[in-house]
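Taken in order, these protein sequences are the chains called H and E. For what it's worth, the working numbering labels the leading residue of the first sequence as 1, then goes sequentially. For what it's worth, the working numbering labels the leading residue of the second sequence as 1, then goes sequentially.
Hints listed in this document are in silico derivations from the structure and should not be mistaken for laboratory results. All values reported here derive from a predicted model rather than from experimental measurement. The C-beta atom is built at its ideal place from N, Cα and C for all residues, glycine as well. Check before you lean on any hint, since a few could be wrong.
[What the hints assert, rightly or not] Only pairs whose alpha carbons sit at most 30 Å apart, straight line, appear in this in silico BS3-like list of lysine-lysine:
#1 H:Lys14 to E:Lys107
#2 E:Lys150 to H:Lys280
#3 E:Lys130 to E:Lys150
#4 E:Lys130 to H:Lys241
#5 E:Lys15 to E:Lys107
[Said to hold, decoys possible] Just a sample of chain H residues kept apart from chain E, beta carbon distances all over 10 Å, derived:
#6 Pro19
#7 Trp73
#8 Val76
#9 Pro79
#10 Asp108
#11 Thr117
#12 Asp134
#13 Val140
#14 Thr233
#15 Thr235
#16 Glu257
#17 Met258
#18 Asp286
Spelled out from the first residue to the last, the chains are:
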Amino acid sequence: MSTQTSSTIQFPYKRTLGPVISRFFSELTAQRIVGIRSGERVIVPPMEYDPETGNALEPDFVEVGPAGTVVSWTWVAEPGKHHPLDRPFAYALIKLDGADTNLLHALDAGSEDAVSTGMRVAPRWRDEPVGRIDDIVAFVPGETPEGPAAGEAQDVQTMDYFSTITYTDVLSPTLERYAASMRAGVITGQRCPQCNRVFLGRGYCSVDAITLGEEHEETLPDYGVVSNYTIVTPTPYPGQKETEPFARASVVLHGDEMVIAQQQIIGIPVSEIRVGMRVKAQWFADDARNAAEITSKGWGTVAGFIEGWLPTGEPDEPAEQYMNRVF
Amino acid sequence: MGHEPVAVVGIGQTKHKKRRDDLSIAGLVREAAQRALDDAQMTWSDIDAVVIGKAPDIFEGVMKPELYLADALGGAGKPVFRVHTAGSVGGSTAIVASHLVSSRVHKRVLAVAWEKQSEGNAQFGLGGGKSGSIGAGGAFAPWIRAYIRKSGAPEHIGWQVAVKDRQNALRNPYAHLHLKDISIEKVRESPMMWDPLHFLESCPSSDGAGAIVLTDKAGGLAAAADGRPPAWVLGTSMRSEPSSFNGRDPIRPQAGVDCAWDVYKQAGITDPRNQIDVAELYVPFSWYEPMWLEGHDIAPVGEGWKMVDRGETAFGGSFPVNPSGGVLSSNPIGASGMLRFLEAALQVRGAAGEHQVDGARVALAQAYGAAAQYFAMWAVGSELPSS
Ligand SMILES: [Zn+2]
Numbered sequence: 001m002s003t004q005t006s007s008t009i010q011f012p013y014k015r016t017l018g019p020v021i022s023r024f025f026s027e028l029t030a031q032r033i034v035g036i037r038s039g040e041r042v043i044v045p046p047m048e049y050d051p052e053t054g055n056a057l058e059p060d061f062v063e064v065g066p067a068g069t070v071v072s073w074t075w076v077a078e079p080g081k082h083h084p085l086d087r088p089f090a091y092a093l094i095k096l097d098g099a100d101t102n103l104l105h106a107l108d109a110g111s112e113d114a115v116s117t118g119m120r121v122a123p124r125w126r127d128e129p130v131g132r133i134d135d136i137v138a139f140v141p142g143e144t145p146e147g148p149a150a151g152e153a154q155d156v157q158t159m160d161y162f163s164t165i166t167y168t169d170v171l172s173p174t175l176e177r178y179a180a181s182m183r184a185g186v187i188t189g190q191r192c193p194q195c196n197r198v199f200l201g202r203g204y205c206s207v208d209a210i211t212l213g214e215e216h217e218e219t220l221p222d223y224g225v226v227s228n229y230t231i232v233t234p235t236p237y238p239g240q241k242e243t244e245p246f247a248r249a250s251v252v253l254h255g256d257e258m259v260i261a262q263q264q265i266i267g268i269p270v271s272e273i274r275v276g277m278r279v280k281a282q283w284f285a286d287d288a289r290n291a292a293e294i295t296s297k298g299w300g301t302v303a304g305f306i307e308g309w310l311p312t313g314e315p316d317e318p319a320e321q322y323m324n325r326v327f
Numbered sequence: 001m002g003h004e005p006v007a008v009v010g011i012g013q014t015k016h017k018k019r020r021d022d023l024s025i026a027g028l029v030r031e032a033a034q035r036a037l038d039d040a041q042m043t044w045s046d047i048d049a050v051v052i053g054k055a056p057d058i059f060e061g062v063m064k065p066e067l068y069l070a071d072a073l074g075g076a077g078k079p080v081f082r083v084h085t086a087g088s089v090g091g092s093t094a095i096v097a098s099h100l101v102s103s104r105v106h107k108r109v110l111a112v113a114w115e116k117q118s119e120g121n122a123q124f125g126l127g128g129g130k131s132g133s134i135g136a137g138g139a140f141a142p143w144i145r146a147y148i149r150k151s152g153a154p155e156h157i158g159w160q161v162a163v164k165d166r167q168n169a170l171r172n173p174y175a176h177l178h179l180k181d182i183s184i185e186k187v188r189e190s191p192m193m194w195d196p197l198h199f200l201e202s203c204p205s206s207d208g209a210g211a212i213v214l215t216d217k218a219g220g221l222a223a224a225a226d227g228r229p230p231a232w233v234l235g236t237s238m239r240s241e242p243s244s245f246n247g248r249d250p251i252r253p254q255a256g257v258d259c260a261w262d263v264y265k266q267a268g269i270t271d272p273r274n275q276i277d278v279a280e281l282y283v284p285f286s287w288y289e290p291m292w293l294e295g296h297d298i299a300p301v302g303e304g305w306k307m308v309d310r311g312e313t314a315f316g317g318s319f320p321v322n323p324s325g326g327v328l329s330s331n332p333i334g335a336s337g338m339l340r341f342l343e344a345a346l347q348v349r350g351a352a353g354e355h356q357v358d359g360a361r362v363a364l365a366q367a368y369g370a371a372a373q374y375f376a377m378w379a380v381g382s383e384l385p386s387s
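Chain H extracted, bound-state conformation (with noise of 0.2 Å):
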């Protein structure tokens, strides 16, 4: 049985529109559509530049529509929470009136025998307009649009784009050992045959380029000194819950197998964290360990299984014999 691990991330990204686009939008507002005069032809949506030559356009906009006619189109039966409508609808590639270009749009036509190519389609306006291309929610059959009284055009200049996206990892034989080691509290490494050195949870030498496989596998201790660290003063955005300083340091395993990166030191004040410290692995209570930190990219990692590593009191280590010791 493979073991799947799903991660989401998201984040709430800014556009600036620049001088065309922010005008296209803004006239959505007030229920008009603007292409871009390009020699003979209109773009709409409009261009900065040419998309045949690159060559810049000036900022010669032309209204067009609102009705056009249906170019081209396929029928979406089943549409996902992506989907612009929540019912059965058509993307359609619209010829405004007066555009030379396409535009690609949603048509709420019913049912797929009401769409067919040449039809005539006008716009079915959003209620509250916010400078974005689903201020037209769809376009409808026939010639008249549909929606609110027209207001005044608002000034639109960013647009404000949601971001998330699921990932789903499958992990290798490799991981899957790694994690089940994990989670029984033992820390397993891979020891190259040809280099010695020892990665967690790869699956091959990143310096050889060999594979390692079970038959390389051996138990490693789970306790060490600490090599190097930083103290972060934590920047402000979307999903950063860390607020305080807070310290990650790299843990030289006993032994000097091999170094983890990027460790929490617990059990003290940031500010007391020093090179040359003995530390230990606090492993998390059985039920709480989980494997939701590793991907597919075949790194092994110890989050989700060790919570932090705790001074264990002992005398430190000579600082120097660690201070390169970053890996």
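On the provided structure of chain H, position chain E with the ligand as indicated by the hints.
Just chain E with the ligand now, kept in the frame of chain H:
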């Protein structure tokens, strides 16, 4: 038949700022590219191929932006390439473009590298979208501590580099930061961000783009005959190494040493300290100046900081480093390597304006990325290489 000589005949960059809210992403890359074309006295139709570079897509949240930017850069119907080697990408982009010319695949190539950091957040991106990102500063700080301890460098070295690069930036109208009242005291008193790095020892977060136009020998000679001397590419190299393995030396990575010597060999350089007139090194945190001086064998190991201390890397010094103001003054991440590469070319063309180093005939440019594991370097000169 050897490689085709490669000439840089056009150079352009944006005004770098915290937030270029007057431009779309397409507008940003076009501002730099149009300036490079104008400088080369070319139009979009003169270009055979386009190479686009930027750092991770998560920074702006536009996946595969090279697809959307192809026609913004006049790429319709032409080969368009995307390069991505983390922070070194601006340099790699220039190198990939130069290889398209040196291999005689194309005659005139446009290379553009960019970042619009203000659309997203680099700390978020570098932290894999999670809380508690240590950022680039947090990753490099332990190595910097190790360098300081190992070399015995006094702590004012970092402050001195931070001041020097900001003073250089005052000569460069395109630089993001123009800190007129920068001083050692200000750097020292600025907040400790990633111990031992202070806020003012760290690069800013910038929007910006850089672009170059490269041609073959005939194109370079024609520009020279027209009174527009090109920069000739003397050597290029890229090297990588894994980010972490037992015994790795992240302070003086082997990939950086090998990359430098590959370039030196191609350029006929045996004594980099004396044969190179000016260097643009990727220094996002002040201590990386002495670290790269040693990491590229410009100074003996343990003595890079002494070059800084003696003022040799200052604008009027015997080995000026980052006359542009460097990454410490402008950091549109994906473009930052390109800015190093194009500044080196500006210097040997004698076209660097207020930040021109007198008599610059051979210039070195370097960019590094990720866990100091990806390197891109080139040397450029004012003379057509003889071989
Ligand atoms: Zn090995």
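Exercise. Would Pro19 (chain H) pass as off the interface with chain E, using Cβ distances and a cut of 10 Å?
Worked result: The claim breaks: Pro19 (chain H) does not keep its Cβ more than 10 Å from every Cβ of chain E (closest is about 8 Å).
Exercise. Hey, does Met258 (chain H) actually stay past 10 Å from chain E on C-beta?
Worked result: 5 Å, violated
Exercise. Was Asp108 (chain H) rightly flagged as not at the interface, with every chain E Cβ beyond 10 Å?
Worked result: Non-interface label stands for Asp108 (chain H): nearest chain E Cβ at 27 Å, farther than 10 Å.
Exercise. Would Trp73 (chain H) pass as off the interface with chain E, using Cβ distances and a cut of 10 Å?
Worked result: 23 Å, holds
Exercise. So is Thr235 (chain H) really clear of chain E, every C-beta pair being over 10 Å apart?
Worked result: 5 Å, violated
Exercise. For the pair supplied as a hint, Lys14 (chain H) and Lys107 (chain E), is the alpha-carbon distance within the 30 Å limit?
Worked result: Given pair Lys14 (chain H), Lys107 (chain E) is violated - Cα atoms ~38 Å apart, limit 30 Å.
Exercise. Taking the minimum C-beta separation from Pro79 (chain H) to chain E, is that value above 10 Å?
Worked result: Given a closest Cβ separation of 22 Å, the condition holds.
Problem set entry | Least C-beta distance from Val76 (chain H) to chain E larger than 10 Å | 22 Å, holds
For this session: For the pair we were handed, Lys130 (chain E) and Lys150 (chain E), check the Cα-Cα distance against 30 Å.
Result: 33 Å, violated
Problem set entry | Verdict on Thr233 (chain H) as a residue remote from chain E, using beta-carbon distances over 10 Å | Non-interface label on Thr233 (chain H) violated, nearest chain E Cβ at 5 Å vs cutoff 10 Å.
For this session: Classify the label on Glu257 (chain H) as holds or violated, using whether its beta-carbon is more than 10 Å from each beta-carbon of chain E.
Result: 7 Å, violated
Problem set entry | Consistency of the no-contact label for Thr117 (chain H), given chain E and a CB cut of 10 Å | 26 Å, holds
The structure shown violates the earlier hints numbered 1, 3, 6, 14, 15, 16 and 17.
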